[in-house]
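Peer 1: Single-letter residue listing:
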Amino acid sequence: MLTKILAFAYRNWIFAKRNFFAFTEIVFWPFVSLVGIGLMSNFLDLKGDVTNFILTGAIAGGVLQVTQLDVSYGLLYDIWSKSIKHTFLAPVRPYHYVLGSWCIGMIRGSVVFIMLFIFSYFAFGFTLPSVGMTLIFVSGIYLNALLIGMMVCFLVLLYGQRVEVTAWSLATLAMLVSGIYYPVSYLPGSVAAISQFIPLTFFLEHFRSGYGFTPLFSYTLVKGYALLAAYILVFFWLLQYAFARARKTGMILRLSE
Amino acid sequence: MDEYAVVVKSVSKTFSSGFLRRKYTQALKGVDLQVRRGEMFGVLGPNGAGKTTLLNILSTQLVPDSGEVHILGRKLRGSLAGDQLDLKSRMNMCSGNPNFPWSMTVREILTFYAMLYGVCGLQCEETTRECMGMLDLEEYANRRYDVLSTGTKQKLALAKALLNNPEVLFLDEPTIGLDPDIAARTRKLIRDIHEQKKITILVTTHYMREAEELCERIAFIKGGVVRATGTSADLKTMTNAKDLEEVFLELAH
Numbered sequence: 001m002l003t004k005i006l007a008f009a010y011r012n013w014i015f016a017k018r019n020f021f022a023f024t025e026i027v028f029w030p031f032v033s034l035v036g037i038g039l040m041s042n043f044l045d046l047k048g049d050v051t052n053f054i055l056t057g058a059i060a061g062g063v064l065q066v067t068q069l070d071v072s073y074g075l076l077y078d079i080w081s082k083s084i085k086h087t088f089l090a091p092v093r094p095y096h097y098v099l100g101s102w103c104i105g106m107i108r109g110s111v112v113f114i115m116l117f118i119f120s121y122f123a124f125g126f127t128l129p130s131v132g133m134t135l136i137f138v139s140g141i142y143l144n145a146l147l148i149g150m151m152v153c154f155l156v157l158l159y160g161q162r163v164e165v166t167a168w169s170l171a172t173l174a175m176l177v178s179g180i181y182y183p184v185s186y187l188p189g190s191v192a193a194i195s196q197f198i199p200l201t202f203f204l205e206h207f208r209s210g211y212g213f214t215p216l217f218s219y220t221l222v223k224g225y226a227l228l229a230a231y232i233l234v235f236f237w238l239l240q241y242a243f244a245r246a247r248k249t250g251m252i253l254r255l256s257e
Numbered sequence: 001m002d003e004y005a006v007v008v009k010s011v012s013k014t015f016s017s018g019f020l021r022r023k024y025t026q027a028l029k030g031v032d033l034q035v036r037r038g039e040m041f042g043v044l045g046p047n048g049a050g051k052t053t054l055l056n057i058l059s060t061q062l063v064p065d066s067g068e069v070h071i072l073g074r075k076l077r078g079s080l081a082g083d084q085l086d087l088k089s090r091m092n093m094c095s096g097n098p099n100f101p102w103s104m105t106v107r108e109i110l111t112f113y114a115m116l117y118g119v120c121g122l123q124c125e126e127t128t129r130e131c132m133g134m135l136d137l138e139e140y141a142n143r144r145y146d147v148l149s150t151g152t153k154q155k156l157a158l159a160k161a162l163l164n165n166p167e168v169l170f171l172d173e174p175t176i177g178l179d180p181d182i183a184a185r186t187r188k189l190i191r192d193i194h195e196q197k198k199i200t201i202l203v204t205t206h207y208m209r210e211a212e213e214l215c216e217r218i219a220f221i222k223g224g225v226v227r228a229t230g231t232s233a234d235l236k237t238m239t240n241a242k243d244l245e246e247v248f249l250e251l252a253h
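Protein sequence lines correspond, in order, to chains A and B.
Going by the working numbering, the letters in the first sequence line up with residues 1 to 257, in that order.
Going by the working numbering, the letters in the second sequence line up with residues 1 to 253, in that order.
Among the clues, some could well be false.
Each pair of labels, with its calculated beta carbon distance range [as the list claims (entries may be wrong)]:
no., chain 1, residue 1, chain 2, residue 2, range
1, A, L135, B, S103, 32 to 38 Å
2, B, G133, A, L173, 46 to 52 Å
3, A, R245, B, K9, 20 to 26 Å
4, A, F23, B, T25, 41 to 47 Å
5, A, S190, B, D32, 39 to 45 Å
6, B, A184, A, V163, 42 to 48 Å
7, B, E68, A, I114, 51 to 57 Å
8, B, E246, A, R18, 49 to 55 Å
9, A, I107, B, N142, 46 to 52 Å
10, A, F28, B, E195, 38 to 44 Å
11, B, M238, A, R245, 39 to 45 Å
No lab work stands behind these hints: they were computed from the structure.
Positions of the beta carbon are idealized from the N, C-alpha and C atoms, including for glycine.
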């Protein structure tokens, strides 16, 4: 079992170190976002913990996007190289696919987190509340990224390459609804209600409580982890279903042409 | 049933396409087939006959709408249950016009696929080296897939198909698009693999010469139906033809 998971990690690792676009995903986009937000906070003359509040969003966004992209790439690399049928021919299960890619996603996500933290510390005076809270927060982002990546894989197996754009848009949408730069109370009523079903909301709330902001919800971590556990289990099952359905409809073969 | 490596019973498959998926194409219409253990069996037929669909069903990449498929004595169920994964680990497939991740080298591609079959560590290194050796791929070991010639890509596809030491090997038009000399060399490789490994090979082709040269028995398929099965001599007798080309023309029209 471990060998099959490592196989996908091995492939994602090769892609990550060999493709220029994978490098820009780590270095370019997260920095562009962070610098933009940091300069805006300087312009608005935001102080101390409010700056930390905003920059937390920029850092979390970068880590989430990079980590979930790797999970999505597990499937998309196969589709882009039209080699998906070779992979489906092998005795692998969806969790091999997803977990192997996620391993590399977490490594790339950690690199992004460390780089963004160091940069924002020196450039904008960003600080972390505590090591424990940071570890919980980052682990929450990784799990959220796993979930989003699984959603992308599910949709692509169901609807084909025309929905591959979800690999870049789904995480952005999740960030928007979970209050990435603002408390979710600022969202319109119905959207604010939806935010309570997104686990990322609770991890952001919990982390920001370390800067002295009162959380809008109680039991943030319990709710966050419970939602993650439920969604991840459901999506493992859905991926299994999507694998089986793709065999029935011929989607695997269409994606290999 | 133990005598047979592959048994296909009344297998049908229809694809839907177009707006609201209401356009239907019946690719296979009740196909029956039996391939003996250790046999090199050919599925011959014109373009669009259903050869590739059949092979995709046998290699578990498609699930038939009806009918049954038994491979190595086990029924294919289209699920990811343990016994089905075990069955998948005992077979492999190679297609013509193969595609692999473009930025990986030959060695990396073989390592990745070997790992998917659960081969790891030193055994993985040994297996990839052995497969590269068998197909003369050592000099290309560190070359990226996107710079390989068409013939080398085909060899790589064959090497990948041998990584798990399969008991049943499916070859889908393995020489399509190859120059005549490379196609002849590929056929020789397939014959050598069959002789050395004594595995069951099911090969689809629309080249008569290939079918005659490689296969002990041939099934002629057209319009999703098996029109005739037998040795090339049987098929010639059946259709009063001088060669397989005439058999093809007779059965294809």
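Peer 1: Next, verify each hint and record whether it holds.
Peer 2: Consistency of the hints with the structure:
1. A/L135 with B/S103: 32 to 38 Å: Distance hint for A/L135, B/S103 holds at roughly 34 Å.
2. B/G133 with A/L173: 46 to 52 Å: 51 Å, holds
3. A/R245 with B/K9: 20 to 26 Å: Distance hint for A/R245, B/K9 holds at roughly 24 Å.
4. A/F23 with B/T25: 41 to 47 Å: 44 Å, holds
5. A/S190 with B/D32: 39 to 45 Å: Between A/S190 and B/D32, where Cβ atoms are some 58 Å apart, the hint is violated.
6. B/A184 with A/V163: 42 to 48 Å: 44 Å, holds
7. B/E68 with A/I114: 51 to 57 Å: 56 Å, holds
8. B/E246 with A/R18: 49 to 55 Å: 52 Å, holds
9. A/I107 with B/N142: 46 to 52 Å: For B/N142 against A/I107, whose Cβ atoms are near 24 Å apart, the range 46 to 52 Å is violated.
10. A/F28 with B/E195: 38 to 44 Å: Roughly 55 Å apart at Cβ, these two residues miss the hinted range, so it is violated.
11. B/M238 with A/R245: 39 to 45 Å: At roughly 41 Å between Cβ atoms, A/R245 and B/M238 fall inside 39 to 45 Å, so the hint holds.
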